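I would like the entire structure built from these sequences, with the hints used as guidance.
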Amino acid sequence: MEQQTTFIPDGMNAFERNVKRIGDCIIAGILLIIFSPLFL
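Numbering-wise, my numbering puts 20 at position 20 of the sequence shown, and it's gapless, one number per residue.
Don't read these hints as lab results, they were simulated from the structure. Note that the structure is a prediction, hence the values are computed from the model and not measured. Careful, some of the hints might be misleading.
[Claimed, not checked] Distance ranges between label pairs, derived from CB positions:
1. PRO9 / PRO37: 38 to 44 Å
2. CYS25 / THR5: 20 to 26 Å
3. LEU31 / ASP10: 21 to 27 Å
4. LEU40 / PHE7: 40 to 46 Å
5. ASP10 / ILE30: 22 to 28 Å
6. LEU31 / ILE8: 24 to 30 Å
All residues carry an ideal CB built from backbone N, CA and C; glycine is no exception.
Right, here's the structure in full:
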């Protein structure tokens, strides 16, 4: 059984993709700090 790994083109180059990934991680970290009292 072979797994099909097809690339979904999103129109972003590697630099844009990495900037978006880092930005998403920073935003997620900030929101975790802001909303962490709700998890307690």
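Hints versus structure:
no.: 1; hint: PRO9 / PRO37: 38 to 44 Å; in the structure: holds, 41 Å
no.: 2; hint: CYS25 / THR5: 20 to 26 Å; in the structure: holds, 24 Å
no.: 3; hint: LEU31 / ASP10: 21 to 27 Å; in the structure: holds, 23 Å
no.: 4; hint: LEU40 / PHE7: 40 to 46 Å; in the structure: holds, 41 Å
no.: 5; hint: ASP10 / ILE30: 22 to 28 Å; in the structure: holds, 24 Å
no.: 6; hint: LEU31 / ILE8: 24 to 30 Å; in the structure: holds, 26 Å
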